[in-house]
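Number of protein chains: 2
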Amino acid sequence: MSGGRLGLTYELVAPSREAARRFARALTVEQTVEIPEGCYSATLEEEVVSRVEALEPAGEGRWRLAVSVAPEIVGGDLGQLLNVLFGNVSLFQGLRLVAVEWPETILADLPGPTFGIAGLRRLCGVERRPLLCAAVKPVGKTAAELASDCRSFALGGCDLVKDDHSLVDQASAPFGERVARCQEAVERANAESGGRTLYLPNLPGDPAKLAARRESVRSAGCRGVIVSPMLFGLEATRHLARSRELVILGHPTFSGAFFGAEHGIARDVLLGQLYRLIGCDGVIYVNAGGRFPWTLEQCQAVNAALRAPLGRIRPAFPVPAGGVQAREVGLHLERYGADTMILIGGSLYQQGDLRRATARLLSSLEAAAP
Amino acid sequence: MSGGRLGLTYELVAPSREAARRFARALTVEQTVEIPEGCYSATLEEEVVSRVEALEPAGEGRWRLAVSVAPEIVGGDLGQLLNVLFGNVSLFQGLRLVAVEWPETILADLPGPTFGIAGLRRLCGVERRPLLCAAVKPVGKTAAELASDCRSFALGGCDLVKDDHSLVDQASAPFGERVARCQEAVERANAESGGRTLYLPNLPGDPAKLAARRESVRSAGCRGVIVSPMLFGLEATRHLARSRELVILGHPTFSGAFFGAEHGIARDVLLGQLYRLIGCDGVIYVNAGGRFPWTLEQCQAVNAALRAPLGRIRPAFPVPAGGVQAREVGLHLERYGADTMILIGGSLYQQGDLRRATARLLSSLEAAAP
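So the protein sequences, as listed, match chains A and B. Position one of the first sequence corresponds to residue 1 (this note's numbering), numbered consecutively onward. Position one of the second sequence corresponds to residue 1 (this note's numbering), numbered consecutively onward.
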């Protein structure tokens with residue numbers, strides 16, 4: 001990458017070098033001027049159209065393309081950044097964005113985590129071991145039932161308890177009531193046990209209700225929330241992070257279509273870089289060996305991206321989830337290291353006594369501390 | 001579908017009926033309670049877990065699955081609706097959402113188009129022929145240059161002129177200046193020609209600047225905007241539509257990853273139903289035979305979904321784009337019918353004289369009127 005430009009690496013599917021060259025040219029035009037050659041000036045060709053920096057074979061019928069983009073065309077706009085990365089070009093086929101190099105001028109408009117790994121450790125009072133987050137669920141339970149589960153998780157010693165991302169404002173557990181009751185239950189449990197469990201409600205994205213819901217979260221005394229950036233809005237997530245008030249755990253719902261083998265955005269770019277850059281202090285993903293077909297290598301790539309140095313942007317916690325079995329947590333942590341937040345729901349519920357199951361799991365986390 | 005429930009049809013990839021049954025069960029649990037069996041009550045199994053209504057073979061290793069969902073678990077929330085449709089289940093593989101049946105209780109929370117086909121025809125003063133929209137571009141031009149292009153398109157008789165979706169707030173053409181100059185240029189052209197061209201600026205999604213930008217749009221006198229729902233935010237798009245002030249043209253950027261052959265959401269569901277339901281008066285998609293690999297059948301499915309009866313929701317204009325050639329417009333309209341808005345940019349710019357190229361194209365549209 002030439003200095004100061006946004007560096008993008010794609011994998012292309014193309015039958016020949018000539019076809020790959022044509023694809024590369026189509027991509028550089030589509031992600032910038034989006035108009036046929038000859039319809040714009042030589043100055044715009046030089047200043048606006050992205051530059052092919054390298055095009056190399058990457059296996060049978062695959063090519064690795066590096067382009068660079070002038071940050072001026074992004075104009076400090078997150079939506080336009082995503083237009084350039086994978087906007088109209090998402091409508092092609094056989095194209096994966098696999099790496100991004102971020103110049104300072106682009107990073108300047110991205111808040112990154114407010115707390116990050118170090119800040120979240122301070123909030124939870126946990127210096128070295130991995131963090132434990134429990135998920136309270138399912139939709140259909142009353143606010144009182146959910147609060148009772150929160151209490152058990154907190155008494156068991158969980159560092160965080162988060163709402164299931166499907167809990168919004170259903171009649172079974174309306175938002176304001178749920179947030180107040182769950183937070184109160186966790187605070188009482190903390191007072192009894194001397195613990196410091198944080199409760200993070202799921203914050204739905206409707207802009208008409210957002211201010212009132214943030215006020216409910218604030219007045220209940222919650223320190224953070226979970227949001228689903230693809231639904232809450234990527235722009236809205238960045239905006240929330242910029243207020244620097246709340247811990248934000250990012251949930252991967254509705255993102256799965258991006259993770260095609262030949263088309264989409266690599267997991268470590270979307271969840272590991274973009275979710276972190278727009279402000280997530282921790283990013284939930286679906287763990288290898290759980291209910292979803294993700295490989296260990298894919299998970300490790302997300303972990304690495306969340307923790308890697310990235311200008312002034314703080315590192316964020318990887319949060320493996322989605323069918324993590326309590327009995328296998330030691331194995332996961334051996335692989336993933338201490339700067340990991342394990343998110344467990346079902347496996348604790350399966351053990352019946354939530355408090356005891358949580359306490360047992362926590363002992364194994366303490367044993368795994370470096 | 002049983003009455004009043006949300007009906008969802010998916011295509012699954014599974015090697016046997018037994019594997020398809022297991023996939024179906026995993027899906028119904030994942031899209032609702034998201035917790036292992038045995039961890040929730042029989043009441044929640046009955047009231048919350050979605051029901052398998054049918055599972056039929058659909059070709060070699062493919063299955064067609066119909067499920068129904070109690071609308072209560074959606075709780076009037078757009079994000080949670082998307083969670084149910086393709087949220088966590090997007091993280092599976094080999095799963096496509098191909099059809100949705102919308103009960104009244106779900107539709108009640110979705111605004112649909114404010115103007116729709118009939119309202120947009122009234123605004124443009126065009127009773128029967130297809131509408132013509134020109135795209136002003138590219139990024140890198142000054143506001144004065146873009147305004148000059150707008151003037152030419154308007155004098156040529158275009159019904160609408162829209163910003164390229166990459167025009168945000170770049171230093172080359174800052175948002176407020178661009179909107180004011182382009183709108184003024186179109187109004188002057190209208191005054192000279194007696195035309196009624198509408199100018200639709202691209203509205204970026206940053207919530208910190210949204211109120212001021214809407215005020216710029218309003219004070220300039222624009223009647224509508226283009227938004228890119230996947231970037232602007234699906235929730236934010238619905239919120240904008242609910243104000244019932246502006247024509248909204250929806251742009252498909254960043255949506256392409258959803259259109260996998262074996263995984264994702266069918267084009268007619270995402271662009272044809274969801275974009276319409278959240279409030280787009282017209283939905284831009286990439287036309288068959290243009291720069292993108294979409295088939296005529298896929299385009300026709302989007303057209304049909306945008307125009308089909310859907311409770312009280314108004315029909316929206318299909319807006320084929322992405323390499324539509326001016327000389328082929330007659331052919332497209334023969335296929336697509338008069339209730340179509342043709343969006344052309346590059347092919348007009350290629351002809352050099354924008355005003356003459358637009359006027360020529362308009363004649364062919366008038367010839368194609370029913």
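Keep in mind that a hint or two might mislead.
If several chains are the same, the list does not tell them apart, and a pair holds so long as it fits within one copy or across any two.
[Claimed, not checked] As a list, the in silico SDA-like pairs of lysine to any residue whose alpha-carbon atoms are at most 25 Å apart: (1) K209 x Y336; (2) K209 x L107; (3) K209 x D353; (4) K209 x R242; (5) K209 x A144; (6) K209 x T105; (7) K209 x E104.
Keep in mind the hints are simulated off the structure, nothing from the lab.
Do the hints match the structure? See the list:
no.: 1; hint: K209 x Y336; in the structure: neither (38 Å within a copy, 40 Å between copies)
no.: 2; hint: K209 x L107; in the structure: between (30 Å within a copy, 19 Å between copies)
no.: 3; hint: K209 x D353; in the structure: neither (36 Å within a copy, 49 Å between copies)
no.: 4; hint: K209 x R242; in the structure: both (19 Å within a copy, 13 Å between copies)
no.: 5; hint: K209 x A144; in the structure: within (23 Å within a copy, 39 Å between copies)
no.: 6; hint: K209 x T105; in the structure: between (33 Å within a copy, 19 Å between copies)
no.: 7; hint: K209 x E104; in the structure: between (35 Å within a copy, 22 Å between copies)
Violated hints for the displayed structure, listed by number in ascending order: 1 and 3.
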